[in-house]
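2 protein chains.
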Amino acid sequence: MTSLARALALSALVSATAVTAAPGDSTAWDIVSGLTTEIGPRLAGSEAEARARDWAKARLTALGFSNVAIEPFTIKGYVRGEDRARLLAPYQQPLAITALGYSGTTPAKGIEGELVYFASFDALKAAPAGSLTGKIAYIDHAMKANQDGSGYGPYGNARRQGPAIAAQKGAIGVVIRSIGTDNHRNPHTGATNWPDGVKPIPAGAISNPDADNVARIAAKGQPMRLSLTLTGTITDKLPSGNVIGDLPGSNPSLPPILVACHLDSWDLGTGAIDDGAGCAIVTAAALRARASGPLVRTIRVLWAGTEELGGFGGEAYAKAHATQPHALAMESDFGADRVWNVKMKLAPANKALGDRIAASLASMGIVRATGETDGGTDVGPIIRDQKLAVIDLGQDGTRYFDLHHTPDDTLDKIDPVQLEQNVEAWARVLTILGNEAGPISGE
Amino acid sequence: MTSLARALALSALVSATAVTAAPGDSTAWDIVSGLTTEIGPRLAGSEAEARARDWAKARLTALGFSNVAIEPFTIKGYVRGEDRARLLAPYQQPLAITALGYSGTTPAKGIEGELVYFASFDALKAAPAGSLTGKIAYIDHAMKANQDGSGYGPYGNARRQGPAIAAQKGAIGVVIRSIGTDNHRNPHTGATNWPDGVKPIPAGAISNPDADNVARIAAKGQPMRLSLTLTGTITDKLPSGNVIGDLPGSNPSLPPILVACHLDSWDLGTGAIDDGAGCAIVTAAALRARASGPLVRTIRVLWAGTEELGGFGGEAYAKAHATQPHALAMESDFGADRVWNVKMKLAPANKALGDRIAASLASMGIVRATGETDGGTDVGPIIRDQKLAVIDLGQDGTRYFDLHHTPDDTLDKIDPVQLEQNVEAWARVLTILGNEAGPISGE
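Chains A and B, in that order, give the protein sequences. Okay, so the first sequence: first residue is 1 according to full-length UniProt numbering, each after it adds one. Okay, so the second sequence: first residue is 1 according to full-length UniProt numbering, each after it adds one.
Misleading hints may appear alongside valid ones.
Just so you know, same-sequence chains aren't split out, so a pair can sit in one copy or run between any two.
[Said to hold, decoys possible] In the SDA-like style, the derived pairs of lysine to any residue whose C-alpha atoms are separated by at most 20 Å in a straight line are:
hint : residue 1 : residue 2
1    : Lys220    : Asp412
2    : Lys220    : Ser26
3    : Lys109    : Gly81
4    : Lys109    : Arg80
What the hints contain is simulated information worked out from the structure, not anything from laboratory work.
Work the whole structure out from these sequences, hints included.
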């Protein structure tokens, strides 16, 4: 129903005058459908992520990529256990909870403590030192949806930094309202960070409907008490790895264009929008660009491992390929909804190249935006190290944080029409870049 | 956002010419908010359902009802255990599953078996006798949403009858696609039935996104294998009970109007739309009708226990009150979205009464429908036994089966504007009925 309505509304976005037309091309859909159906959840460091690497290598090879390789590395990961929470007072309520990545570990029977309510991350930061000793901190603050996803930075601090701050003030555990914009009983997981010297404490996120309930209860002003069970463990030396493959250009001396996504996913969903879709988009677009005619410049795809726990794959790629010059890097890691804007970081000498790309995208209704871009987690390290040019195709993130890091990140959430619009936008950019024989540089 | 849009769109439905105007009346919202926040899940036969009875008695008393009483009874219930499922072949996929009420019990380590795919309930019925021996049956068939909820009958057969039919063909377990219209990772529970002589087998429902995945995998034609763990148990002699309260009319000799809802809920959500909303609507409407002026006829509210497991509360009420004549019965148990039509079962002598009610509802945009009605599960037995008149206010069920019997049945799903429209429609009906001194009869 809504899919049909969206298809009708968006059909205008897929230009009938595509420079790289490929009628009926189902490559992107086949990749994300295959990856979610045949592998499913691909937690970094897990056996499933290893199966996904083998799957990726076979698929890229079958699609005609060259030099397809798995580049292994090891990580400090998080192995999920049992996740449970129950409000004990003033009312009894089971709470839908997920452990955060790198949560500390409770005993199997859980921990109990007073639940101290903070209306926001800033309120937690303002709490006096030692004031949480022996207690469980709770951080509220419902995230708002923005098209550009810009809420994730500030709201996400509750997840990224909140647990460590609570621990430093003496808390024995921390629970946050999910960093998400939906109202389903699906909590949003994600990694938290522990600065050196801060001992991890159990840290979880409850769903928005549960958080609404906690807020109503907290407003009554009676003491709250929580039972919290999060038995997962931080585990060293787990296997991970990147998968790469090339579509060689006719001039091997030209530095390649790097297009990236990440292969790992959180374990709650099947990693459809985060980031199976990204791998589908960059791969299908690279093939479509090459199908438009011979390219002078090589396009390399990087399906990175262990993005979710902190960008291990991107760092590993930058290190492994430090001596190989690259020209420009791009990444798709914001779902499968339509591309609506583009940011570029190009050397002044590449102004005409950027204008040609912008003009091609403008004909699809994609606007050129100013503002900085680091390219994203998977390509950020190589961009940083080699001062690469960047093109950042911005996707519509209005509903991205309804699904992000939840059990609901499944294939049915992908709109094939919008997925195709992504492939077309990417293919246009890669066709222009792949035909650019002159130098491409970020500064 | 959508709430606001809906509020604007629906404000026209709440007539400015209400015969029983009560500006700012938040009684209904307060009931459903209180019940979901202070009690939450209220599984029939559980300690939480007992807490809910005490809560209900206190609330009805505080609201001014007379003769408020808990009428206890015992039930054969279902005590949930651990629910897990994992596809083992041809691909590994964890599946979001819930046990059905009255599921058989697996060992703690679960059972394993070949998963035999049936595209529908009818396909399962057509399977040869003995063909499922040692196997786990899977029943697909995605339910479609209808405004009148009419899909629930036929699609629901997969849940109500499917497990017993699979057991009779030798199955060691059964899994169905959820009887629901959403695409979230929240499976829909609900009771299944075992005819005499059929030994219960483990029976669960997976969410629609998981079912989509199973359908894609089944389409490949390779054998599927499932690990299924459902450790809950069927348990006898659990405590349950009804809660009743009266708003006495000026003429105690007139048989009362009975308005009902159910107090128990499934355990996955907090029972907001099923059926906290119903209790909120009938109770607030009864109070609003009385507030419109003195009524000649008593209105009795029944907050029934153990509806979900098979209408134990309604049967207990009919038995306990068999010798007390009633006039007419109504029930609200289809969520909190707007009333859009009305069906009536009235004696020919009550034609003018019915026409007056229909005219009052018509001014709110509520249409009069033909077709039969049994009044619903909680009032059905007393209607059957005493041949009562029935008025059935039909709610918009388009999104009801997105939420029904899932973890997502929480307060945030209730639109206050539509809830108020229900109260107003009910109050108009009850005001007319409560002022009717002449005989009211069903035939």
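Exercise. Please work out whether the CA atoms of Lys109 and Arg80 approach to 20 Å or closer within one copy, between two copies, in both situations, or in neither?
Key: both (16 Å within a copy, 19 Å between copies)
20 Å Cα threshold - placement of Asp412 relative to Lys220: Between. Shortest inter-copy distance 18 Å satisfies the 20 Å Cα cut-off; intra-copy 40 Å does not.
Exercise. Tell me, please, which holds for Lys220 and Ser26 at an alpha-carbon limit of 20 Å: within, between, both or neither?
Key: For Lys220 and Ser26, only the inter-copy Cα distance (18 Å) is at most 20 Å; the intra-copy one is 54 Å.
Review point. For Lys109 vs Gly81, is the C-alpha pair at or below 20 Å within one copy, between two copies, both, or neither?
Key: Both ways: Lys109 and Gly81 sit 12 Å apart in one copy and 16 Å across, limit 20 Å.
Against the hints set out earlier in the document, no violation occurs for any number.
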